[in-house]
Structure formats: C-alpha cells, structure tokens
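These protein sequence lines map, in sequence, to chains A and B. Numbering (the working numbering) for the first sequence: 1 to 104. Numbering (the working numbering) for the second sequence: 1001 to 1493.
Incorrect hints may appear among the rest.
[Unchecked claim] Cross-link-like lysine-lysine pairs, in silico, PhoX-like; alpha carbons within 25 Å at most:
1) A:Lys78 with B:Lys1411
2) A:Lys30 with B:Lys1391
3) A:Lys101 with A:Lys78
4) B:Lys1091 with A:Lys30
5) B:Lys1285 with B:Lys1391
6) B:Lys1411 with A:Lys69
7) A:Lys30 with B:Lys1411
8) B:Lys1251 with B:Lys1285
9) A:Lys78 with B:Lys1046
[Stated by the list, open to error] Some chain B residues near chain A, calculated using beta-carbon distances under 8 Å:
10) Phe1096
11) Pro1297
12) Leu1301
13) Arg1325
14) Gln1332
15) Asp1335
16) Cys1341
17) Lys1342
18) Ile1356
19) Tyr1361
20) Ile1378
21) Phe1390
22) Lys1391
Keep in mind the hints are simulated off the structure, nothing from the lab. For every residue, glycine included, the Cβ atom is placed at its ideal position computed from N, Cα and C.
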Amino acid sequence: MALSTEDIKKIAHLARIEVSDSDAASTLTKLTGILGLIEQMQAVDTAGIVPMSHSQDVVQRLRDDVVTKTNQREEFQKIAPVLGNGSTELAVDHGLYLVPKVIE
Amino acid sequence: MINRSLKTLSQMLAEKQISSVELTQTFLNRIDALNPIINAYIALDKEKTLAQAKAADARIAAGNAEPLTGIPIAQKDIFCAKGWQTTCGSKMLANFIAPYDAHVITQFDAVGAVNLGKTNMDEFAMGSSNETSYFGGVKNPWDFTRVPGGSSGGSAAAVAARLCAAATGTDTGGSIRQPASLCGFTGLKPTYGVVSRYGMIAFASSLDQAGPMAKSAEDCALMMNVMAGFDARDSTSLNREKEDYARNLNKPLQGLKIGLPKEFFAEGLDAGVAAVIETAIAEYKKLGAEIVEISLPNTGLSIPVYYVLAPAEASSNLSRYDGVRYGHRAEQYTDLMDMYCKSRAEGFGAEVKRRILIGTYVLSAGYYDAYYLKAQQIRRLIVQDFVEAFKQCDVIMGPAAPSTAFKAGEKVDDPVAMYLQDIYTISTNLAGLPGMSVPAGFSTGGDGKALPVGLQIIGNYFDEARMLNVAHQYQQVTDWHTRMPDLAAEGLA
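Let's have the full structure, built from the sequences with the hints guiding it.
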C-alpha cells in the first residue's frame, strides 16, 4: 500500500521521533523506495511454513534464581543526561532520574 | 613492524626484541600522523592504552604471557569499554562513557592485549559505507575518494592502513566482510552465538555477531581464540567446548568440495570482481579442491527479508534511547512526550530514523502478518537453501561484495542502492552461518585505480576452523593479503 505523509507522521509518533513537515515529505520518498524492495516478498508462497525468529532453533537457557548483580546506581547515574530547559545539572536527584511532571 | 603477523609480533615480544610499549607507541605515532585524514578512530586514550602496554610488558617479563599479550588491538566503537567514550557512531551516545566492559573487551583484557582505541562506524552499525557516522566518514586507504565499506569502516581502514595490529568488528548483514573486501584484508563473521554479544550495543539481536578483522587467516584464528567462548550474560551465547581455531590451518585442501552458488555470479556482479573471483577459484583447483555448482534460489529475497527483520529488531532495541537515564536529551522540551520525541529526533541520524520507522511500521497492527511474519517464513526458506547446499559441498565461495569500493557520496541519497551492497553477505546472517572475506586480488575501475576484491568463504555451522584452514592455504600460495596501500602516493607516511 502507498504511504502518505500523514502515515509517516503517525509512524514517527509511534516511534517517538519528532518529524517536521519537510522531513516527513523526504522520509516518505525514501521509505516508499524501501517498502518497494520489501514488497518482493509478497510473490513468495509461504503457506504452511513455520516462521523462524532465530537462526538456530535453540531453547532459551535458564539460570539459577540467585543474585548476580550488585547495585551500581551511583556509578550509572554519573552518565545521566543534562536536565535541559536552561539547567546544566545532571537529570538526577536523590538517586532518582528527573523527567517532566507526568501526573497532575 | 606494522606489517608483521600477530604470530611474529607475539614471538618478538616474547623474545624481548621489542616491548609492548614500543610497539603500541609505534601504532599511536602512526595514528597521530594518519588519523586526522583517514578518521578511522573516534576515541583514543593514550594514557589508558600505554598503561595496558606497560602491564603487558610486566606480564611478559613474569613469563605468563598469552599469544596476544601486549598486542595493540583496535576496538569497534560498538563495544562498551569501561571508562572509554563509547558512541556507536551516534550523536545519541556522543557523551556516553561506558560504565562496564563488553564480554569481548573483557576477553582481550584477560589475555593482556592492548586497547588502542575505539574505531569509527556507521551509526548503530546501520550502513555499508561508514557515511552514516555522526563522527564523519572514513577514507578508504586504497583511495581517499572512496568509502571503506561499513558498518565496521573504521576498523577496516585501521587494519588496511596498518593503524593497528588487528581489529574487532561486528557483522549484522555484512559489516565485517564487505569492508574487508573493500579494504583488502581478512575478516571473519563467526557462527551466530559463538562470540558473546554482552556489552555490544544492539542493532538486530538475532543477526548481530562480532568477529576479527586482521591481515591474515592465521591472525583471525588467533583473534578468535580470544573472542569466542560461552558467556552466561548473553542469552544466545552457545555453551560449546573451547576450541583452538588455528588447529586446522595447515591441513591440505585435497578433496575439498567448494560450492559455487550460481545466484552469486548472476546479474549485478561487477565484471572485474567476477574475474578476480574466478582466478581465485582456479587457484583452489590447483590446491586440489573440487568445484560443485550449487543453487541458493532465495538469495535475492535475503535483502527484502533483512530489511523487515533487522529494522523490526532495531526499532525495539533502540527504544531504550529515550533521554531519561543516559544518552542525548533535548535541551528544550515541554512535557515528557515532547522530551522523548525531541531527544530521539536530535540524537539519531537520518538512516537510523528511517530504519526505526520501517521497523515500527512492519510491526504495527494490521501489517505484522504481511511483513514481519512473512519475512520470518522466508528466512526459513533461506536457511533451508543452505542446508541443501551443504549436502553437496564443504564450503561455499563467491564474491563478498558486488563491486569494489565506491566513491564517497555516491549512494548516500539512495538507501536501496546502498542496501544492495550486502546482497552476498546478508543470507549468512539470516541463517546464522559463518562467513569470511579474504583478499583475492585487485580490479581496476574507470579511473585506473587498482582496488581490492574479497573472496567470500561461507562455512557450515561451527566450521570456522575449516574456513580459516581454507583461507590460510590460499594465503600460502598467494600474496594478496600482504599487499598494503601506498599511503606515500596519497602524500602520507
């Protein structure tokens, strides 16, 4: 099916990527080309073929239910992003990550 | 010094003819001189590098060295290395200092190898020319107007220009083999599950596999001995007995059955490349190999299937980059949704965004069966092609890439043309099979420049030792793998 710029915007929203109107137009051209390539699959009769999600049909390994990791919160929070909106502080406070308010 | 094999360097270190610090400094000096032009490395940390070299010298002096102790290795910037800037070629991770080591890094550290620096790559390994890197393109050392291939373009240029003793790469659709072909060295993508993906930044998890990029098959075998092995932290890591990948190098090839898939020699293959591959096959006949014509009928479908499955997996893997805990966060935003959308719009480059959008689309309600499920079904057909083929032959050979290195900028605006670069490599990723590219000669293009051509060797599952044997025997009777670009002709070195 042919995509429209509206579709591009909808998909981009699902993917949480902001697109401008001009970006949506150029993205549409390129995505249409790629989807044209993908469309070649439709000529193949795949009735009855079991989908393969993985190159080798291996079974998921289970491990013992024991603690293997230690808490490294402080280490990990050193690489937090900068808060933004005028602040150059890291987006962390008392061991928590800071994001815009989501509950009124 | 820079041309010596890993085995020779290892002997020289053991015999104290050179120290690891001296060897490392030799490469660092070369990097200082050439990297500003070639752009193979994104991050260097000479202090850390030389400290490792010093520690390696102490270990050698203490008499408990391993084959790669003290050898300077370039690491693709997809591997997290504690305390090192680890960007995956993206603005999203431009300021990311990895808080832990990838398994591959741990393995090299354990044997006392030296981390020379982090190499440039296509953003999140999505590309075949290294042109999607946020840190700029990489020059092909054979011709600075051309690309080194991708996505492991920085590692490729570093090996070709002798800016390291050997390098690591990753291969999701051809990212070790295509640049190995375009830059004229030996690269191996192992069987899926042989090298742990722990700490290797994920692109398409069912296809991603790390492997060595080096000057010869023998060097690749020594690298594999360090890189391969079970790791419980990667759920797809295979628990197999440890093997010596160099054990079969010297076996004669008498009676080896080489399958030539007719689909690899059809329309789309450059005539100059085809001629080089034919000459290489003739060489194998002289070594006692038998040629069998085989068919991999679904080869053409591997690209459409890949461009459904890989973006689908990527759209999921890359959803972690939300600007909350690490990576890029937009400077200005209103609410949480705006923060996500702006951070991702700013942090990702155009090709990465395209693939996330394709992946999101093929996984979205109403299209899942037509695209994702269909692609998974055809993936099984592609695997069955290989199963049938390996009933008739021991290894499969053909070109690794359809052409020699192309000009920078030539395919940037045409994603579909770029994707076709991986026509001969993608099917092995879909099947999880091991594949190699081995230097097989040169083809002269329109402008008279001789450019390297790689012969691809595809093996059956876990047949890396045999493939390395097949490549090594060829390298005993040819000298293509010893050729290096004349950087003096480019006014350098």
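Results of checking the hints against the structure:
1. At most 25 Å may separate the alpha-carbon atoms for a hinted pair to count; Lys78 of chain A and Lys1411 of chain B exceed this at roughly 40 Å.
2. About 41 Å separates the Cα atoms of Lys30 of chain A and Lys1391 of chain B, which puts this hinted pair outside 25 Å; it is violated.
3. Of the pairs offered as hints, the one joining Lys101 of chain A and Lys78 of chain A holds, with about 22 Å between alpha carbons and a cut-off of 25 Å not exceeded.
4. Our distance criterion of 25 Å between C-alpha atoms is met by Lys1091 of chain B and Lys30 of chain A, whose separation comes to about 22 Å.
5. A hinted pair counts as satisfied when its Cα atoms are at most 25 Å apart, and Lys1285 of chain B with Lys1391 of chain B qualifies at roughly 20 Å.
6. About 45 Å separates the Cα atoms of Lys1411 of chain B and Lys69 of chain A, which puts this hinted pair outside 25 Å; it is violated.
7. With a CA separation close to 13 Å, the supplied pair Lys30 of chain A and Lys1411 of chain B stays within the 25 Å bound.
8. Taken as a hint, the Lys1251 of chain B and Lys1285 of chain B pair is honoured in the structure, with Cα atoms around 16 Å apart against an allowance of 25 Å.
9. Proximity of Lys78 of chain A to Lys1046 of chain B is assessed by CA-CA distance (about 23 Å); at most 25 Å being required, the pair is judged to hold.
10. Here the hint on Phe1096 of chain B is kept, as its CB sits about 6 Å from the closest CB of chain A, short of 8 Å.
11. Among the interface hints, the one on Pro1297 of chain B is violated; its C-beta lies about 11 Å from the nearest C-beta in chain A, farther than the 8 Å criterion.
12. At its closest, the beta carbon of Leu1301 of chain B sits 7 Å from a beta carbon of chain A; the interface hint therefore holds under the 8 Å criterion.
13. With its C-beta approaching chain A no nearer than about 6 Å, Arg1325 of chain B sits inside the 8 Å limit, and its interface hint holds.
14. Evaluation of the Gln1332 of chain B hint against chain A yields a held restraint, the C-beta minimum of about 6 Å falling below 8 Å.
15. Residue-level restraint check for Asp1335 of chain B holds (minimum Cβ-Cβ distance to chain A is 5 Å; threshold 8 Å).
16. For Cys1341 of chain B, the shortest C-beta to C-beta distance to chain A is roughly 4 Å, which falls under 8 Å, so the interface hint holds.
17. Below 8 Å, beta-carbon pairs count as interface contacts, and Lys1342 of chain B has one with chain A at about 5 Å; its hint therefore holds.
18. Interface hint at Ile1356 of chain B: satisfied, since its Cβ lies 5 Å from the closest Cβ of chain A, which is below the 8 Å cut-off.
19. Given hint, Tyr1361 of chain B at the interface with chain A, holds; its Cβ is 5 Å from that chain's nearest Cβ, closer than 8 Å.
20. Hint status for Ile1378 of chain B relative to chain A: holds, with the closest Cβ pair at about 6 Å, below 8 Å.
21. Checking Phe1390 of chain B against chain A: minimum C-beta separation of about 14 Å lies over 8 Å; hint violated.
22. Residue-level restraint check for Lys1391 of chain B is violated (minimum Cβ-Cβ distance to chain A is 18 Å; threshold 8 Å).
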